[in-house]
Amino acid sequence: MKDKGRYGQFLSWIYTAVDFIVLNVVFIAVWFFSLDSLADFSRQAWLMLNLSFLAEVYLLTGIHENRVVYADRVVIEALKWAALHSVIFITLLWFLQTDISWRLLVNFYLVFFIALSVWWLISRKVLKWYRTKGFNYRRIIIIGGGTVGIRLMNELESDQGYGYRIVAFFDNNPRNRSVKAYKGPLASVEEFVKNNLVDEMYCTIPDEDSGEVAKLIRIAEGNAVDFYYVPQFSQRVTRRFELNSIGNVPILAIRPYPLNNMVNRLVKRAFDLLLSSIAMILSPIVLIPVAIGIKLSSPGPVFFKQERTGYRGKPFMCYKFRTMRTNDESNTLQATKDDPRKTRFGNFLRRTSIDELPQFYNVFRGDMSVVGPRPHMIRHTEAYSALIDKYMIRHTIKPGITGWAQVNGYRGLTDQLWKMEKRVEFDVWYAENWNFLIDLKIIFLTIFNVFRGEKNAF
Numbered sequence: 000m001k002d003k004g005r006y007g008q009f010l011s012w013i014y015t016a017v018d019f020i021v022l023n024v025v026f027i028a029v030w031f032f033s034l035d036s037l038a039d040f041s042r043q044a045w046l047m048l049n050l051s052f053l054a055e056v057y058l059l060t061g062i063h064e065n066r067v068v069y070a071d072r073v074v075i076e077a078l079k080w081a082a083l084h085s086v087i088f089i090t091l092l093w094f095l096q097t098d099i100s101w102r103l104l105v106n107f108y109l110v111f112f113i114a115l116s117v118w119w120l121i122s123r124k125v126l127k128w129y130r131t132k133g134f135n136y137r138r139i140i141i142i143g144g145g146t147v148g149i150r151l152m153n154e155l156e157s158d159q160g161y162g163y164r165i166v167a168f169f170d171n172n173p174r175n176r177s178v179k180a181y182k183g184p185l186a187s188v189e190e191f192v193k194n195n196l197v198d199e200m201y202c203t204i205p206d207e208d209s210g211e212v213a214k215l216i217r218i219a220e221g222n223a224v225d226f227y228y229v230p231q232f233s234q235r236v237t238r239r240f241e242l243n244s245i246g247n248v249p250i251l252a253i254r255p256y257p258l259n260n261m262v263n264r265l266v267k268r269a270f271d272l273l274l275s276s277i278a279m280i281l282s283p284i285v286l287i288p289v290a291i292g293i294k295l296s297s298p299g300p301v302f303f304k305q306e307r308t309g310y311r312g313k314p315f316m317c318y319k320f321r322t323m324r325t326n327d328e329s330n331t332l333q334a335t336k337d338d339p340r341k342t343r344f345g346n347f348l349r350r351t352s353i354d355e356l357p358q359f360y361n362v363f364r365g366d367m368s369v370v371g372p373r374p375h376m377i378r379h380t381e382a383y384s385a386l387i388d389k390y391m392i393r394h395t396i397k398p399g400i401t402g403w404a405q406v407n408g409y410r411g412l413t414d415q416l417w418k419m420e421k422r423v424e425f426d427v428w429y430a431e432n433w434n435f436l437i438d439l440k441i442i443f444l445t446i447f448n449v450f451r452g453e454k455n456a457f
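Counting from 1, position 216 in the sequence shown corresponds to residue 215 in numbering that gives the first Met the number 0; the numbering is continuous, with no gaps.
The hints are simulated quantities; they were obtained by calculation from the structure and are not laboratory data.
Treat the hints with care, since some could be wrong.
Within a straight-line C-alpha distance of at most 27 Å, the following computed DSSO-like cross-link-like pairs (lysine-lysine) qualify [said to hold, decoys possible]:
{"#": "1", "residue 1": "K214", "residue 2": "K336"}
{"#": "2", "residue 1": "K313", "residue 2": "K193"}
{"#": "3", "residue 1": "K132", "residue 2": "K79"}
{"#": "4", "residue 1": "K214", "residue 2": "K132"}
{"#": "5", "residue 1": "K193", "residue 2": "K214"}
{"#": "6", "residue 1": "K124", "residue 2": "K389"}
{"#": "7", "residue 1": "K336", "residue 2": "K418"}
{"#": "8", "residue 1": "K193", "residue 2": "K179"}
{"#": "9", "residue 1": "K124", "residue 2": "K79"}
{"#": "10", "residue 1": "K418", "residue 2": "K319"}
Pair ranges (Cβ atoms, derived) [stated by the list, open to error]:
{"#": "11", "residue 1": "F226", "residue 2": "Y69", "range": "35 to 45 Å"}
{"#": "12", "residue 1": "K389", "residue 2": "S282", "range": "35 to 45 Å"}
{"#": "13", "residue 1": "R174", "residue 2": "F443", "range": "14 to 24 Å"}
{"#": "14", "residue 1": "P255", "residue 2": "P339", "range": "45 to 55 Å"}
{"#": "15", "residue 1": "Y57", "residue 2": "S282", "range": "28 to 38 Å"}
{"#": "16", "residue 1": "S187", "residue 2": "G312", "range": "15 to 25 Å"}
{"#": "17", "residue 1": "F443", "residue 2": "A382", "range": "28 to 38 Å"}
{"#": "18", "residue 1": "Y69", "residue 2": "I250", "range": "34 to 44 Å"}
{"#": "19", "residue 1": "I250", "residue 2": "R340", "range": "47 to 57 Å"}
{"#": "20", "residue 1": "K79", "residue 2": "K124", "range": "51 to 61 Å"}
Predicted, not measured: the structure shown is a model, and the values here were computed from it.
From the three backbone atoms N, C-alpha and C, an ideal C-beta is built for every residue, glycine too.
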């Protein structure tokens with residue numbers, strides 16, 4: 000068998016070594032700038048600092064092993080590293096009665112978190128660029144050409160920066176011979192692996208064919224190839240799974256939604272209360288001139304109230320500034336671009352999204368969140384839940400003033416089914432992948448889009 004020359008395995012060691020350097024440089028720099036001198040530098044504290052790092056490397060593994068890592072997850076992992084290191088380090092300082100000022104510690108961990116985040120983000124950008132040039136890639140073969148196999152192939156090829164190169168594709172179905180990299184039926188796998196450089200083997204054939212899967216595992220083990228089995232239900236289930244075991248029996252457990260975690264819910268709720276409180280304190284600045292404009296534009300109330308579907312399908316009263324003349328179709332008919340029901344001033348409120356501001360009151364009450372799937376009319380929920388798979392998953396979290404679907408262009412009129420399907424797709428992704436940084440990103444993009452202007456804001 001040919002030598003594979005897997006020098007990429009040393010990357011994680013290089014990353015860890017640079018992490019160690021960043022830790023020490025930041026600690027020394029913060030000590031110097033906090034005390035204006037290194038004369039009183041504590042060697043004992045420095046030793047415990049690095050012992051804490053070694054313990055952390057042992058406890059937190061995997062961040063430098065993953066080839067597909069997103070920016071928000073990198074920052075979250077950096078926050079975890081800083082938090083865990085602080086717990087270990089402060090515990091050692093207390094146990095050995097080593098005195099360090101709290102001001103120095105706070106400054107150190109703040110700078111360390113920022114430095115680590117910047118280093119990881121830049122290094123991964125450089126590594127992705129390096130991989131697009133044809134280096135540090137993994138040679139992949141895919142076995143099985145059903146829906147899951149094709150989906151996996153598309154994912155692996157979606158970004159060259161991931162560093163995957165599909166060198167072969169095997170399937171017994173003659174219809175898949177036109178697929179790129181097709182090398183033959185499953186009987187050809189062993190010969191190909193023996194005569195070519197292969198790093199990873201992905202098996203997507205049905206698990207009922209256990210004899211064939213066992214044979215492929217033996218081929219992988221006999222040729223030092225990493226073997227991965229892709230379960231067939233992944234074509235219908237998009238959530239992540241965690242591998243557990245009962246005795247010697249492996250168990251795949253569906254990972255719970257992030258917002259099922261109490262700490263995550265408290266963080267999100269605290270952020271909602273902070274923003275909604277600020278918005279309500281400042282509301283007279285906007286409320287008074289907008290109320291005057293609405294009253295002058297057409298007779299009727301300042302606020303428009305509508306029952307919409309909320310958390311876990313529970314209806315709630317959603318508030319907006321009124322942008323239309325009073326009509327009998329407001330609870331059944333969506334607004335269109337040139338809707339004759341809209342007033343001229345209401346059109347301005349819609350284009351600038353000012354009409355949504357009263358929903359901060361809904362956020363303060365707890366009916367909504369600042370970020371989440373947009374709440375739909377009761378009528379739409381009843382109709383689309385019967386037409387779109389996973390539609391009700393979007394109601395496992397609170398609805399929001401803005402959301403992941405909206406900043407990706409899926410806001411406004413849903414006059415065709417595919418538009419609502421795409422909106423639901425983004426909403427479900429948000430529910431399954433929530434973290435606080437994603438909320439900050441959505442808020443930033445929402446503000447940016449308001450100033451840039453959106454074609455679907457009508």
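Going down the list of hints, with the structure as the test:
1. With a CA separation close to 60 Å, the supplied pair K214 and K336 exceeds the 27 Å bound.
2. Our distance criterion of 27 Å between C-alpha atoms is broken by K313 and K193, whose separation comes to about 59 Å.
3. Taken as a hint, the K132 and K79 pair is broken in the structure, with Cα atoms around 32 Å apart against an allowance of 27 Å.
4. A C-alpha spacing of about 35 Å is found between K214 and K132, which places the hinted pair above 27 Å, so the restraint is violated.
5. For the hint linking K193 to K214, the alpha-carbon distance of about 14 Å falls within 27 Å, and the restraint holds.
6. With a CA separation close to 34 Å, the supplied pair K124 and K389 exceeds the 27 Å bound.
7. With a CA separation close to 16 Å, the supplied pair K336 and K418 stays within the 27 Å bound.
8. The hinted pair formed by K193 and K179 meets the criterion: a straight-line CA distance of about 21 Å does not exceed 27 Å.
9. At most 27 Å may separate the alpha-carbon atoms for a hinted pair to count; K124 and K79 meet this at roughly 21 Å.
10. This hinted pair checks out: K418 and K319 have alpha carbons roughly 23 Å apart, not beyond 27 Å.
11. The given range of 35 to 45 Å is broken by F226 and Y69, whose C-beta atoms sit roughly 26 Å from each other.
12. The supplied range of 35 to 45 Å is met by K389 and S282, whose beta-carbon atoms lie about 36 Å from each other.
13. For R174 and F443, the Cβ-Cβ distance of about 46 Å falls outside the hinted range of 14 to 24 Å, so the restraint is violated.
14. A hinted range of 45 to 55 Å holds for the C-beta pair P255 and P339, which are about 47 Å apart.
15. Between Y57 and S282 the Cβ separation comes to about 51 Å, which falls outside the hinted range of 28 to 38 Å.
16. Separation of S187 from G312 is about 52 Å and departs from the stated range, judged on CB atoms against 15 to 25 Å.
17. Distance hint check for F443 and A382: the Cβ-Cβ separation is about 33 Å, which falls inside the suggested range of 28 to 38 Å.
18. A hinted range of 34 to 44 Å for the beta carbons of Y69 and I250 is inconsistent with their spacing of about 27 Å.
19. Roughly 55 Å separates the CB atoms of I250 and R340, a value that falls within the hinted 47 to 57 Å.
20. Between K79 and K124 the C-beta distance comes to about 21 Å, which lies outside the given range of 51 to 61 Å.
Of the hints listed earlier, those the structure fails to meet are numbers 1, 2, 3, 4, 6, 11, 13, 15, 16, 18, 20, in rising order.
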